[in-house]
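Asker: Given chain A, work out where chain B should sit, using these hints.
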Amino acid sequence: MKTRIFAILLALAPPGATLAQEDAQLIGDAERGEQLFRQCSGCHQIGPGAENRAGPHLNGIFGRRAGSIEGFDYSKGLERAFQDNMVWNIQRLNLYLENPRSLVSGTRMAFRGLKKQQDRDDVLAYLRSYTASPQDIPESAPTARKREVDLPPEVLEIVGDRDYGEYLASECVTCHQTSGMDEGIPSITRWYPEDFVIAMHAYKQKMRPHPVMQMMAGRLSDEEIAALAAYFADLEE
Amino acid sequence: MTLNRRNFLGTGAFAAATLAAPMVRAASHGKPKVVVVGGGAGGATAARYIAKDSNGEIDVTLIEPTRMYYTCFFSNLYIGGFRELSSIGHSYGKLASEYGINVVHDWAIGVDRDAKTVSLAGGAKVPYDRLILSPGIDFVDGAVPGWDLSTQTKMPHAYKAGTQSELLKDQIMAMPEGGTYVMVAPPNPYRCPPGPYERVSMVAHVLKETNPTAKILIADPKDKFSKQALFEEGWQKHYGGMIERLGPDFGGGNVSVNADTMEVNIDGEIVKADVCNVIPAQKAGAICDAAALTEGNWAPVDGHNMQSRMDENIYILGDSSNQGDMPKSGYSANSQAKVAAMAVRGSLTGSRVFPAKYSNTCWSLIATDDGVKVGASYEPTDEKIASVSSFVSQTGEDADMRKRTYEESIGWYAGITSDMFG
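Which chain is which? The protein sequence lines are A and B, in order.
Each residue of the first sequence is one higher than the one before, counting from 1 in the UniProt record's numbering.
Each residue of the second sequence is one higher than the one before, counting from 1 in the UniProt record's numbering.
Chain B on its own, in the form it takes in the complex:
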C-alpha cells in the first residue's frame, strides 16, 4: 500500500484533534504498544518523546543490542584526542527508570507485518501496534573488493562508534614514523556527509603532533563533498602537504584492498598502507530489508510523518530512510524522531498532531578551536522532505568565530544527548 498525506490526515490532523480526540485502543489488549528498534539519535529520541508525552497511555519498548551506546557524532573528536571515548558513551538507564521504557538488549531480526510482531535473536516475539525502525546503516556487500566485515579488525571502518573507533585510533597511534594512512571514502549517499573529512582533519591533527612526516591519502569516488572549500582551506592552513585526495578523475572510485598485505589498489596503482580506514557504501539497517520495507538500498517514507510508504503501522527514521533532502545525520534523525513520535501518539491516542518541521545542523572540527558548520531547514511536500533554506560557514572566518562555532558544537552535543537519553 502506498500512503500519502491524505491517509494520515484522516487520523491525526491538528484541526481534527481540536474537534474530537477519540482514544484509539489496540484491539487485543489494554494500552497501545509502540516498539522502537534501534537506540540511536532517532530511536532513543522517539522512544523518550512517546513515553514522556503520552503520560503512561502507551507502552514503549526499545530494542537495542548494546547496553552502552557510543554516538557516531563526536567519535572523530575522540580519534583526534579532543574527547575521551567514555564521554561519548551513554546508557539507557534513565529511559528505563525515569520514563518507564522497556529497554530490551537484543537484536531485532525480523518483522511479521501481518501479525505485527518483531522477532528477536533471543527467540522472543514482541507485539506492536506501531513500530518505529531506526537501525542506522549497514554496509553494501562487495562495495570495496577485498573488504568485508571479517576484515574490519585489520581495516576498520569506525563508522559505527565504539570498539571500531578505539581500534582505528590505536592503529593510528602505532603508525611507523612517516607511515601512510589511507581512507577509502564512501559514495553518496552515506551517514554524515562531512564525517570522513572531519575524520581526516582529526587524524591529521594527531599525526602532526605525534608523527609529523606521516601522510594521509584519501581515495574518493565523489566529485565533491560537503564543506569541501572549508576543509581544503583548513587542511592547507593547518596540515600543509600532509593530505592528498584522489577524486574520481584520478581513480579514487576504482579501489580494491588486500587486508593480509595491507595494500590498496587505486586504479591499478598499489599503495602500501600502515592504516587503512575503509568506509564502504551504505544501505538501510538490515531489519528494514528483513521487513521488506526497502526499495534499493533505502526505505521510502512519507515526509509528513516518517511513515513507511509500504506499511501504515511502521515509521522509519534517520539514516535508513529515503525521505528526500535531509542528510543522514544524528541531528536529522533526532529531528525526524520528534515528528514521528507526535504522529504515532496521535494515531494511537488522538493527541494533537502539528505540522511537521525538520532541521539539521552539522558541526565539524578541523583543528584546535577551528570549528565550521552547515545547516538547513526542511519542510514536507507530497513527494519528499524538501530543503527550503541553508547556510554554511564561510572560508576566511576569523579565529574567534571558529572558536565560538566549536564551543557551540559542544553545547549541541550536551543538548542532543540529553534529548535522546534524558
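Just chain A, with the same shape it has in the complex:
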C-alpha cells in the first residue's frame, strides 16, 4: 500500500528531511549575479536612475513586453518580438542569457552568452531584484521556483491521510465553507473521494479553467490531494 510506504519513509527520515523537500528554491544568488552582471554593464544599466545606453535599462524586466521601452531604438529582431507580444519571463530570459540569437534572431546584443546554468540563475536573481515586489504588486513575476511534483500513475489508489488532509483543508476553507454552503463558491464537502481526486488533477493539469483552483491544485502532491479527498469525504455538514 503506497500510503503505508509513505508513512514509513516519513518515520525513518531524519527531522527536517520532509520539509526540506517542500522548500521553494530561490532563483539564484543575487549577490553573485551582481558580480557577473558587470560584464553586461557596458551596455545595460539597472537600479535606481538606470537609463538606456547601448542596450535598454533592465529595471522591471520580468513581465515586461519585449521591445517595449518607448524611445529606445530596438533591433528588427526585438521589434518582431514586440509585435509577437513576447513577454520576458524567467524561461525566456534564461534562453536569451544562454545565447541571445537562439531566442531573438537579429538581435544586436553581441554577447556570447552564459553557458553555465548557475551563472544564468544568479544573474536572473539579480535582475529579478529590480522588478516590483509581489508584496506590493501581487501579480508580478515569482521570486522563486516551486518544488516540482511527480505524477505516478497509481494516484487513485492512494489512501489519504485524513489528519494531513484536515491541515491542508485549512487553506481550502478560506473560501469553501465547511457547512457545505455553495453561494458564489461551490461546496466541496462529502464528495466521493475518487471524484475529488480527479477534479483536483484536472485543475492541476489545467484542464479545468479556474485560475485560483489551478494555482491551489498545481502545488499539491498526489498524497496531499488524496489526503484532502479523505478529509472532505466524510466532513459533517
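Incorrect hints may have been included.
[As the list claims (entries may be wrong)] Among the chain B residues that face chain A by a calculated CB cut under 7 Å, a handful are:
| id | residue |
| --- | --- |
| 1 | T210 |
| 2 | N211 |
| 3 | G375 |
| 4 | S387 |
| 5 | G411 |
| 6 | G415 |
[What the hints assert, rightly or not] The following label-pair restraints were derived from C-beta to C-beta distances:
| id | chain 1 | residue 1 | chain 2 | residue 2 | range |
| --- | --- | --- | --- | --- | --- |
| 7 | A | N89 | B | P248 | 52 to 58 Å |
| 8 | B | W107 | A | D163 | 33 to 39 Å |
| 9 | B | R113 | A | S102 | 53 to 59 Å |
| 10 | B | P145 | A | S102 | 31 to 37 Å |
| 11 | B | K125 | A | E51 | 55 to 61 Å |
| 12 | A | G42 | B | S150 | 50 to 56 Å |
| 13 | B | I270 | A | G180 | 38 to 44 Å |
| 14 | B | D170 | A | G42 | 26 to 32 Å |
| 15 | A | E51 | B | T368 | 42 to 48 Å |
| 16 | A | H210 | B | K94 | 27 to 33 Å |
| 17 | B | G178 | A | Q39 | 55 to 61 Å |
| 18 | B | E397 | A | R65 | 17 to 23 Å |
| 19 | B | G123 | A | R190 | 45 to 51 Å |
| 20 | A | Q39 | B | T368 | 53 to 59 Å |
The set of hints was computed from the structure by calculation and includes no laboratory data.
For each residue, glycine too, the CB sits at the ideal point set by N, CA and C.
Answerer: Below, chain B alone, put in the same frame as chain A:
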C-alpha cells in the same frame, strides 16, 4: 537571537512527530497558555484554530480592544453602496462560547519578553507560553505633512474599517455638486495593494449616481500599482473623465495637507478638496515596536512558521510581519495564521506539524458586477516566504466572467469570515 528553520525543526517536524509526541507543558502551571493580540484576519483565525484543534489542551486568550470587528476587506463595498456596514461587522461571541477562547476587550500596550507577560491598558498582565501578535497596521508619523490622528475626523483614512468608513462615506454623500474628492495614496508597502484603487472605483460609482459632475484626484507616490491595467480600463469604461491620477512624475509623491482649510498641496499646486481621504505610510502595529520586535517599520519573521526572528516564543502574523513576498491582505493573514497555529500547537503539545503552505487571492470590485482578482501561491525558503506562481484577471474579459468573479468574492467573504469567527 536569530532563529532559522533548523531551530524549529527540532521541536515540531512532521517526521519527528510520527516517532514521538512528547507533551510540552508550561513549567509554572497546568495547561500551556497562548495569548493572541489582535482579533482580525490573522489573530481571530489563529486563536480559533489553536482552540479548535487542541481539544482543550491549550488555554487561548484573545486580546482585542473592539467588541465588534469590522473587516477592512469589503469596507470599500460599503462606501460604494454594495454592502451595509452591519454586514461587515463581526462579534467574538462564538469564539468565546463555542471554542472556549478567553476574549479580553482591552489594549495590549507592552510585552515583557523575559517574564512572558502581556501588559494591558487596564493594568492587567497576561502570562503566555507562546504569544501571537497580529495587530495590523499603524501609521507612520509625519508621513503626510499636516496630517496626524488628530485630523482624521476632517481627513479620514478609512483604512481601519468602522467609524472611519462611515465618516468617509458621509463626507462623500455630502459633497457639493461638482465637488472634488482627493485621495492621498500610500507608498509601498501597505495594507491591501489594490485597496486604494478599489476605493476610488467605489467612490466613482457613488458619485456617478449622485453627483456625476464631481471629480476624483489621486496623488500617488508610486510609479505603478496592483491591477493597474484592470483599474484603468474599468475607470475609462465606467467613469470616463471623472478620475485623474498624479503619479510621482507629476508630483504625486510630494504632498502636504491643511485640514483646517481643506487644502492639498501637490508639488506646490494647491487643490481645494471637498473630501480628502489621506491614507498615510504604514508600519507594524505599535505593540510590535513596544515589544522590540521590529527592524525599520516591520517585524521580521521566519517564513517557515511566522516565528519572530527575535524571539522564539513569539509569532507575528499579517500586515505587521516582514515575511517576504506575500502582500499585506486579510487573505494572507488568514493563510499565515493557520501555519502559525499549527507550529504553536506542535511546540506546546507535540502535535503533528506539516510543511507550511501559503496563498493569497484578492478580489476588487470596479463597478456593478465588474469584479477582478489577483492571486499567488507562496512557499518558504530560508530567507523569506517566496512567490512561486501568480495569476491576474485579464483586461477585456466578458461581462459574465466579471460577474462570476464578483459573485466568487461574495462567497469568499462568507468563507473567510466563517473561518475567522466560527
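Asker: State for each hint whether it applies.
Answerer: Verification of the hints:
1. T210: 28 Å, violated
2. N211: Because about 31 Å separates N211(B) from the closest Cβ in chain A, which is outside the 7 Å limit, the hint is violated.
3. G375: OK, holds: G375(B) within 7 Å of chain A, min 6 Å.
4. S387: Constraint on S387(B) satisfied, holds at 4 Å.
5. G411: 2 Å, holds
6. G415: Hint on G415(B): holds, closest Cβ of chain A at ~4 Å, below 7 Å.
7. N89(A) - P248(B): 52 to 58 Å: 27 Å, violated
8. W107(B) - D163(A): 33 to 39 Å: With a Cβ separation near 38 Å, W107(B) and D163(A) satisfy 33 to 39 Å, so the hint holds.
9. R113(B) - S102(A): 53 to 59 Å: Taking Cβ atoms as reference, R113(B) and S102(A) lie about 56 Å apart, which means the hint holds.
10. P145(B) - S102(A): 31 to 37 Å: 54 Å, violated
11. K125(B) - E51(A): 55 to 61 Å: 57 Å, holds
12. G42(A) - S150(B): 50 to 56 Å: Holds, at about 54 Å.
13. I270(B) - G180(A): 38 to 44 Å: 57 Å, violated
14. D170(B) - G42(A): 26 to 32 Å: Between D170(B) and G42(A), where Cβ atoms are some 60 Å apart, the hint is violated.
15. E51(A) - T368(B): 42 to 48 Å: Between E51(A) and T368(B), where Cβ atoms are some 44 Å apart, the hint holds.
16. H210(A) - K94(B): 27 to 33 Å: 30 Å, holds
17. G178(B) - Q39(A): 55 to 61 Å: 59 Å, holds
18. E397(B) - R65(A): 17 to 23 Å: 19 Å, holds
19. G123(B) - R190(A): 45 to 51 Å: 50 Å, holds
20. Q39(A) - T368(B): 53 to 59 Å: 54 Å, holds
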